[in-house]
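K.L.:
The listed protein sequences correspond, in order, to chains A, B and C. To convert a position in the first sequence, counted from 1, into the working numbering, add 1. To convert a position in the second sequence, counted from 1, into the working numbering, add 165. To convert a position in the third sequence, counted from 1, into the working numbering, add 430.
Be a bit skeptical, because a hint or two may be false.
What the hints assert, rightly or not - In silico contact screen, one side only, chain B against chain A (beta carbon under 10 Å); selected entries:
hint, residue
1, Thr217
2, Pro218
3, Gln221
4, Val233
5, Val234
6, Ile238
7, Leu321
8, Ile399
To be verified - Calculated lysine to aspartate or glutamate pairs in the DMTMM-like style (CA-CA distance at most 25 Å, straight line):
hint, chain 1, residue 1, chain 2, residue 2
9, B, Lys391, C, Asp634
10, C, Lys813, B, Asp225
11, B, Lys168, A, Asp78
12, C, Lys631, A, Asp161
13, C, Lys637, B, Asp215
14, C, Lys680, A, Asp78
15, B, Lys171, A, Asp78
16, C, Lys764, B, Asp225
17, C, Lys487, B, Asp215
18, C, Lys637, A, Asp161
FYI, nobody ran anything at the bench for these hints, they're computed from the structure. Note that this is a predicted model, so its numbers are computed, not measured. For each residue, glycine too, the CB sits at the ideal point set by N, CA and C.
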Amino acid sequence: MRVVPRHRSQPLGAASSRGAERSGAGAAVAHAPAGFFLNPAAIIVVLLSIFPFVLSLGMTFTNWNLLYPGVAFRGLDNWARLFGDATFQRSVANTVFFTVVATAIEYVIGFALALLVLQIERGQRFFRLIFLIPMMISPAAVGYVVGRMLFSETQGPINDLLYRVGISPVPWTSNPAMAPWTIVIADVWQWTSFMFVLLLAGLQSLPHEPFEAARIDGASGWKLFAQITFPLMVPVSVTAVLIRSLELFKLIDLVRVMTGGGPGTATESVTLYVYDLALNRGDMGYGATVAYALLILVVLYALIYLALTRRAVANAT
Amino acid sequence: MAKRLKRNLPYIPLAIWAVVVLFPLYWMTITSFKRPIDINRGVSYLPWVDFTPSLQAWRDLRDGAVPVVGPLINSFVAASISSVVAVALGALAGYGLSRFAYRWGPWRNDDIAFWFISQRMLPPAAAILAFMVMFKYLHLLDSVAGLTIAYTGFNLPFAIWIMRDFFAALPRELEESSLVEGASWPQTFWQVALPLALPGLAATAILLFIFSWNEYLFASLLAFEKAKTMPVTIAGMATSIGIRWWLMSALAIVSMAPTIALGLLLERYIVRGLTTGAVK
Amino acid sequence: MKSPRWRQLAMAAALLGSLIGASGPVALTTAQTPPSAQFPGATVTIAGPAGQVECIKNWTGDWEKRTGATVNINAIPFADIDSKVLAATGTGTFLADIYYIGAQTAGQLMGAGQVLEVPQDVRGGLALDQIPDIYNKYQLSWNGKLYGIPWDGDMLMLNYRSDLLSDPNYQKAFKDQFGYDLAPPQSWKQYADIAQFFTGKDWDNGKPGYGLDELPMRHNHAWNGFFARAAVYAKAPDDPAFFFDPDTMKPRINNPGFVKALEDWKTAMQWGPPDMMSYDWAANAQAFVGGHAALNIQWGDIGPMSLDPNSSVVNGKVGFAMLPGATQFWDAKKGAWETPSEPNRAPFAGFGGWIFVVPKLTQNAAAAFDLASYLGSPEIRAKAMVTPGCGVNPDSLTQLDPKLWVAAGFSQQAAEQYTQAIKDSLTNPNVVFDLRIPGIQDYKDALEIAVTKALTGEATPQQALDEAAQQWDQITDRLGRDQQGKYYRESLGLAS
Chain A
2 MRVVPRHRSQ PLGAASSRGA ERSGAGAAVA HAPAGFFLNP AAIIVVLLSI FPFVLSLGMT
62 FTNWNLLYPG VAFRGLDNWA RLFGDATFQR SVANTVFFTV VATAIEYVIG FALALLVLQI
122 ERGQRFFRLI FLIPMMISPA AVGYVVGRML FSETQGPIND LLYRVGISPV PWTSNPAMAP
182 WTIVIADVWQ WTSFMFVLLL AGLQSLPHEP FEAARIDGAS GWKLFAQITF PLMVPVSVTA
242 VLIRSLELFK LIDLVRVMTG GGPGTATESV TLYVYDLALN RGDMGYGATV AYALLILVVL
302 YALIYLALTR RAVANAT
Chain B
166 MAKRLKRNLP YIPLAIWAVV VLFPLYWMTI TSFKRPIDIN RGVSYLPWVD FTPSLQAWRD
226 LRDGAVPVVG PLINSFVAAS ISSVVAVALG ALAGYGLSRF AYRWGPWRND DIAFWFISQR
286 MLPPAAAILA FMVMFKYLHL LDSVAGLTIA YTGFNLPFAI WIMRDFFAAL PRELEESSLV
346 EGASWPQTFW QVALPLALPG LAATAILLFI FSWNEYLFAS LLAFEKAKTM PVTIAGMATS
406 IGIRWWLMSA LAIVSMAPTI ALGLLLERYI VRGLTTGAVK
Chain C
431 MKSPRWRQLA MAAALLGSLI GASGPVALTT AQTPPSAQFP GATVTIAGPA GQVECIKNWT
491 GDWEKRTGAT VNINAIPFAD IDSKVLAATG TGTFLADIYY IGAQTAGQLM GAGQVLEVPQ
551 DVRGGLALDQ IPDIYNKYQL SWNGKLYGIP WDGDMLMLNY RSDLLSDPNY QKAFKDQFGY
611 DLAPPQSWKQ YADIAQFFTG KDWDNGKPGY GLDELPMRHN HAWNGFFARA AVYAKAPDDP
671 AFFFDPDTMK PRINNPGFVK ALEDWKTAMQ WGPPDMMSYD WAANAQAFVG GHAALNIQWG
731 DIGPMSLDPN SSVVNGKVGF AMLPGATQFW DAKKGAWETP SEPNRAPFAG FGGWIFVVPK
791 LTQNAAAAFD LASYLGSPEI RAKAMVTPGC GVNPDSLTQL DPKLWVAAGF SQQAAEQYTQ
851 AIKDSLTNPN VVFDLRIPGI QDYKDALEIA VTKALTGEAT PQQALDEAAQ QWDQITDRLG
911 RDQQGKYYRE SLGLAS
């Protein structure tokens, strides 16, 4: 490991974008204890994660079943099984759907709420507090209380209220076309709060100058948003969307409680499938293979996502 | 008139979302005052109007029919220590990544940061068995210490990712003058950079606290009885012989209370903390 | 610039350190152990489903006093219990001395050699001779050896609203519409007529009621809901096999008998609550004891549940019967429909009941078996089955004395019906016990996916079951066809 200080003499504003530096910039402090900063975290992460990562990878080449003693090497059998596994393929499609749709909706609503909250004077703190609450409830509890109780088609208040105003009951979780949307609704209910808080913070930290300049030029409303606010908000948006989508790729608690992946496989998520394979059927070998397939997918997604957004972020900073 | 209308327009969507957020909480609250028969009978909305509220669920909690205090303490210890430790180590690493150019073989800083965040990408259901095996040999199964360590591991990548952005956004002039005056890097970090980043540290810690406080999957498998946490206790109300909605709602309220209190106390801090540049 | 927060941080670190240091084994103290105590100072941990396992506290106190041991109850959320037992088994982790688990999971542990055989000296107290073959041979044993301690018996049955079926107005209207008398259904055809008749009728607080209430949710008993219906169409009385051809391990689940059952079920869905697709065990039970449905397919739990004034609005209004029969059944050996003189009956012991097993990983086998056999004694089982909240159903003939049930609050008529329905099911020679071979969860999920796809119209019943049969073949091949065949024949008690 070679370490070179990134200490710079010029002010921050004039600096080039992160990662563009070459070594040698601060040779005067080459003895700087860079390892002191990074190593503790790196050691802990390595200690805690290397074993799970390696063990899971190893499992993908075996037939390890929790029930039976003895493990046999099976080469790439588990990996080959992925290709003929309709449940796996459906679960990938569902997971992509949940991730894309829920992240998008949460982002849009969260952004809108953050913008609106900053426009009002009275009651700002009240709304900010209220909007934070959903994320403070355990997803497992949200699955039961929001997902199961509220959306119960015959004994829940939502369909009952619809019935009272003459709308026929919505098959929230019993219809395979509707059920994925119901999962999305529950997730949006809970995690819009996360987007809201990050985006609100982002909006508050924006510099004032560009806005004043634009106002002098007569820009307002939508134009102001599209030309000034949004571009400046790209960096915080990129992080917020990344964190949220990484979590959504691993969605399990809500689905497990609300639909168990059904009807059929209409709401099966990859992580739920992994759980089912590994811990209901004991099929660790194949469960780990499905998990690794998702890992590969998510890493690819994250790399592409960060590469695509890199330029927009650089432009904004 | 039109101007006034325009000024008050934002309240409409805000109020709508507030209702969306509050209705489930209202439902949870009234459910905790319903008796089983009130729930089986069908939908009822207003206490004293269409059902008679009962304190049964709350009495059951008070009398220890469902143990609450133990899980609350377990959850609190695991969530608070793990988030504090993760933020402390994450601040160090994030500072390092924003101030030095590291080389791990072909990897540069961006790659190292990506490696950290990629630790959050393996589905937990696969990692959990490895944790069980590890913890078995370390005698950490069914212990709060074990959960704390596991949560620290989850939280650390997020902490590093967020803290790196934080420090990158902080002005460096102060640090430079500190270095010029002969202070070491750790001293500079401790005395100059860290105080500036404290609000952000607190904000990050709160987010991580919430994540750990609500974690279910690991808690459900790595803890048996002694180290049981609140989310598992709540899910335990979905029994093989029926879901005890009334108790589940009461427990969910109990488990929300500390996080909401924390939020109330520190809400300004969260937003201001993140504002200093956490999420750049 | 040192802030007090840093002192807090240091304190937190110190706390973490002391926490790790303090997490060693905790010393056990037992107060005043009688000199005759068998296991002084021992701790026996029992892991079971939360909400149900706590019920044993009613009786463990006496045992603790007698033996000087302590009972520690580990209540696990119902949804996690199998996972937790599996994870403990696979990693060799001590979870408990006694597992309180379902017969299917228990059967897998038995087949895999992960649980201890019940020692001879505790068998005497279990009154095994009173337990019908179906439980003795299939639920508690594997390949002729006894591993399980009895606790609960699970037989799917029909529960119906006796008040509605005996209402003169409904009786007249039903006869006008269908041309025969309204009575507890003897066949799935009659069951469908009654369900159709009551759907939309208003007996439920001004809201339209539903005809039926079943179990079609994936991961939540769709397997049991399906085979409860399919057994009478596909189980030939002279053929012990049901799920597979025992010689070739070819699945039978896509033969005309099973397809007919699935077609019936698909039609019947319209008479159930619209969200029945997402009803788990509890939602099914709550819909019926909440008074929303006329007919209900469930286990014996509904009887005691209907008495509970805290949750039931149908106390005294419930009748009980064996699962309906079928006028025709598909004989897989002959490959033809058969029409018996009496409707074919084939009760299905789905899930199979909660039992106790002692894992090899136990730390105190003697005390564990002593406690388990004490709880599994006929006296305590008889008390547990009438205790609300225990979730225990009768599993032996002595428990089916109507007097016991009248004492628990049943009317004389309901007690007789209830015990008779269970007795008829248990002793029926054509009874089907649940599948217990390795890979059961794989078979189960493949079938449940197919069934739920057919019920929601994503596939026709034939397509869905063909697909499931193909999956079953793949699972069998992956696990080894010969070995699976051996297990299946063993599980049926056929010479292998």
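K.L.:
Give me the numbers of the hints this structure contradicts, sorted from smallest to largest.
P.N.:
Checked against the structure, the hints that fail are numbers 1, 2, 3, 4, 5, 6, 9, 11, 15, 16, 17, while the rest are satisfied.
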